[in-house]
Amino acid sequence: MARTVWDSSVGKKTVMAVSGMIMLLYLVVHVIGNLKIFFGAEEFNHYAHWLRVVGEPFMHYGWTLWLVRVALIVAVIAHGVSAYQLSRRDIKARPSKYVHRKPRASYATRTMRWGGIILALFIVWHLLDLTTGTVHSGGFQEGHPYQNVVDTFSTWYGNVIYIVAMLAVGLHVRHGFWSAAQTLGVGSRTRDRALKIFADVLALLLTAGFLAVPVGVMTGVVS
Amino acid sequence: MTAFSAYADYETGEPVVDTKAPSGPVAERWDKRRFEARLVNPANRRKHTVIVVGTGLAGGSAGATLAEQGYHVVQFCYQDSPRRAHSIAAQGGINAAKNYRNDGDSVHRLFYDTVKGGDFRARESNVHRLAQISVEIIDQCVAQGVPFAREYGGLLDTRSFGGVQVSRTFYARGQTGQQLLLGAYQALSRQIAAGNIEMHPRTEMLDLIVVDGRARGIVARDLITGKIDTYFADAVVLASGGYGNVFYLSTNAMNSNATAIWRAHRRGAYFANPCFTQIHPTCIPRTGDHQSKLTLMSESLRNDGRIWVPKAKGDDRPPNRIPEGERDYYLERIYPSFGNLVPRDIASRAAKNVCDEGRGVGPGGQGVYLDFADAIARMGRKAVEAKYGNLFDMYQRITDEDPYEVPMRIYPAVHYTMGGLWVDYDLQTTVPGLFAIGEANFSDHGANRLGASALMQGLADGYFVLPATINDYLARNPHQGEVTLEHPVVQEVLAETQDRLDLLLSVDGDRTPDSFHREVGELMWEFCGMARTDAGLRKALSRIPQIREEFWRRIKVPGTGEEFNQSLEKANRVVDYLELAELMCLDALHRAESCGGHFREESQTPDGEAARRDEEFAYAAAWEFTGTGEAPALHREDLVFEYVHPTQRSYA
Amino acid sequence: MRLNLRVWRQKNADADGAMSTYEVDGISPDMSFLEMLDTLNEELILRGDDPVAFDHDCREGICGACSLVINGDAHGPERTTTCQLHMRSFRDGDTIDVEPWRAAAFPVVKDLVVDRSAFDRIIQAGGYVTAPTGAAPEAHATPVPKPDADFAFEHAECIGCGACVAACPNGAAMLFTSAKVNHLNVLPQGAPERETRVLDMVAQMDEEGFGGCTLAGECATACPKGIPLVSITGMNKEWLRATRKITKR
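Protein chains in written order, with our numbering: chain B, 1163 to 1385; chain F, 45 to 696; chain G, 179 to 427.
Calculated from the structure, these hints are not laboratory results. None of these values were measured; they are calculated from a predicted model. Some clues are possibly wrong.
Partner residues aside, some chain F positions facing chain G, computed with beta carbon under 10 Å [what the hints assert, rightly or not]:
hint, residue
1, 132
2, 183
3, 195
4, 219
5, 223
6, 300
7, 332
8, 334
9, 336
10, 611
C-beta: ideal position from N, C-alpha, C; glycine also.
Here chain B stands alone, though its shape is the one from the complex (with noise of 0.2 Å):
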């Protein structure tokens, strides 16, 4: 089965539909966690702090934090590779461009080509400030997550990549969540208008959502 799936054009669509909803999950708990910020330093921390006992005492202190980050690399790794080849699959079948040129043809098509790979870089950026440290901005905190935040957001790189990327994240569920939905075969005529306003707002609440941390460092609510 697993063979029939990722030999299909229509199995690999599948393989990104599933990734895809998998990691929207993730978004959702991700971005209800992050407007705990607004409660202030300690719950925040201690929020982050709980992430990494969570399961305990079945599990070890981090395992679980880590049984999810494997799920997601796992998640992240087949999203990105099924895309790059049906991309090319698609760029293949395609060689010759009309003269006359519409605009509009590609425009689903390149929003989510473009929107993933600019959230590709995104993760590995934030994963390297927030989460490592690497390259942050400022004396990087181990177990300090909102004076870690502050500081990225005190910069202004760290603002325009951040709401360029919430952008991209809003524009590329808006299309996957529906797109997915189709790829699964849940949509219907009769669903259609349904799936596509759930598919927007979703979009809007986890922009939104997202941006309203940085909105908040620089308006000085969170500081």
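Use these hints to put chains F and G onto chain B, whose structure you have.
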């Protein structure tokens, strides 16, 4: 000009007899023939190759069925895919004597209606077989997944069609032909994938190879590379459709052509009743000289639309400004009991008459109104929309006029050819091993075809008749010598084909293939169209050889033969039209009676209706080719009516 | 009307092509687009030039032969086939670009003519019901609910013209393939081959070098028969179902 008188002085040869038709009660003949026919052992079938030319309803269904039986089939179509054959454009439906409505239908009634509808110029044996098989066709198509219209209970829906009093027409909205063809195409595709059919799309048959008196192959041109090739077989089946495109403007597809049947005719196959053409009354009129083809509007429109023209000649007021009292609803006036629902041939002729009187409407006065104002007033616009919406949309797209506001304009157009290659009960032509099925043969519709019967005949021939009868031929001729490219006959046919194409390319004149096609088409429409006269036909017969002579002097075909060359394809088809047109005129001239679609002005009743002359013309005219421009020989096949006795049709 | 045409000219499959400019005059708004090209070709023949090759046959919108990209739109600005597009959709003096279908799976044969045999092979892979002639049960033996029959018909309307592939930024044949899968898979007659049909047809579609679906929706917009985008969703569902079922066997 002496040519025409020579051509009109045809010889009469021996009568042609259908030796395969069984005797006995008509209802038992098909069973009897099937039992008497020899069979080919399933293990031996794959040793036989059968060529099928064409992939429409007849060719597609025959190819698929022969391959299922185990024969090796080599099949051809000029289109880029077998799915595009012109059967796809049939709209209305397909008749079958299922009697699902319990309205008194039966095999015998369908048989009766078809013989009568054909104005008593078809064979009883064939028509009865067609009616019997009609029932199995529906079963077959449903099993293939053809999405026929259904009722809420999940059972098949039917509707009524012209010329009959029962509801026996099965349909798939206005696209019945498309759906049936896709069914056959899919069956064909399955056999192609299984390796039982070698399919050659974009390949056009240009000649027939007859060796030792038997059809043994064809010469065909690959339309992409231009390569002319030979293909050999134990039997050849022509399913290449009708020849309505002789008229230039018709409802046929642009590339539908007569080459396969005409070349077969030149090689010895008799051509029967070439003058029997059907003119459909409800087509969208031409808009100008640029017109390349005509589009049909379903006959069903005549159920609610009223046909009229102004009473006064040359009245060019817009239709809405012409008061009721100054309109002539001529069909209702002349045929009060049938009104707008008279049969196709009658409606067409009446439209021609009023236009000839100078009362036609629209550009060139070549049109009559089909008015839905009364229907809209009576049923409401919504109801009219539900019933005819898609047809109204099609009309609006083509004419840019809103038929809800302004009456539609319609005019008759060439639609179908009842004539074709003469075949016996086994569908075999006079060349042993050469079979003709579907519209390419002449067998079942007599002088006029009823609506929704063309699909029935094509599929009956392809799915059921030919696959049963071809066994007999192959079983009786199991060991035929191998034919190779080196055979002198093959070399000769190849050379003739090559020479013809080379000549077309080398003339380098100053007229395009289309200009000649248009010229001969207009001539045919004028003199061999809806109404024919002795003088007119003689005029056409004198003119055609002149056009032919001019053609070979002035034709211009650019490019070469070794490439994709649509002008060359076209020119080569026109060559055959220019010969076939002559035979059609001669047949129309010799048949000095009116019957069905063939109306001779000299032969009409006092009130202007078609008058058949059974004592002289109750036969099928099978013509034998004797040379280009030379008088062909007439072979009569007498028609015997044991079950349906000829009567004069009356619709007044 | 007087028009400037820029037409893709390409001698054969191996040659390079380019746009050539022609001027046509005396065009009537009542002409169909193909009749306008006929007019151009008549002039070209008389001039001794090679006329523009294009596929066409029924000219009433059902055979699916005609296949022109006009000003960047498959079948031109109206939602119909090229043969049913009329010159009244254009204005006097317009410049019109005419190109062939573009897709790796549809190589150009000459000028505006492309090879669409890949579609035939997709149907050959499974787009049928195995029902040999003579083996059919009585037509009323299996009633089909009207909604299912209507659903099947709407998908069976596909004319195989390839506009979906031409319009798709990925050169995908999903709409074409899904139309046939949906047509046959909803019917009881198609049920025995329901799983193999969709798996084999999709595999063949991939094999032919068509792209994948990114749900851009251009195919459904270009489809002259109005096959909806959700048809693809239906095929995806069938494909997933078939993959599960086949694995279980």
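Structure-based check of each hint:
The beta carbon of residue 132/F is positioned within 10 Å of a beta carbon in chain G (closest approach about 5 Å), and the interface hint is therefore held. Interface hint at residue 183/F: satisfied, since its Cβ lies 4 Å from the closest Cβ of chain G, which is below the 10 Å cut-off. Interface restraint check: residue 195/F against chain G, minimum CB-CB distance 7 Å, threshold 10 Å, status holds. The restraint placing residue 219/F at the interface with chain G holds, with a minimum CB-CB distance near 7 Å, inside the 10 Å limit.
Taken as an interface hint, residue 223/F checks out: its beta carbon lies about 6 Å from the nearest beta carbon of chain G, inside 10 Å. For residue 300/F, the suggested interface contact is upheld, since its CB lies about 8 Å from the closest CB of chain G, less than 10 Å. The beta carbon of residue 332/F is positioned within 10 Å of a beta carbon in chain G (closest approach about 6 Å), and the interface hint is therefore held. With 10 Å as the threshold, the beta carbon of residue 334/F comes within range of chain G, its nearest partner Cβ sitting at about 5 Å, so the hint holds.
About 5 Å separates the beta-carbon of residue 336/F from the nearest beta-carbon of chain G, less than 10 Å, and the hint is met. For residue 611/F, the interface hint holds, since its Cβ comes within 10 Å of a Cβ in chain G; the closest pair sits about 6 Å apart.
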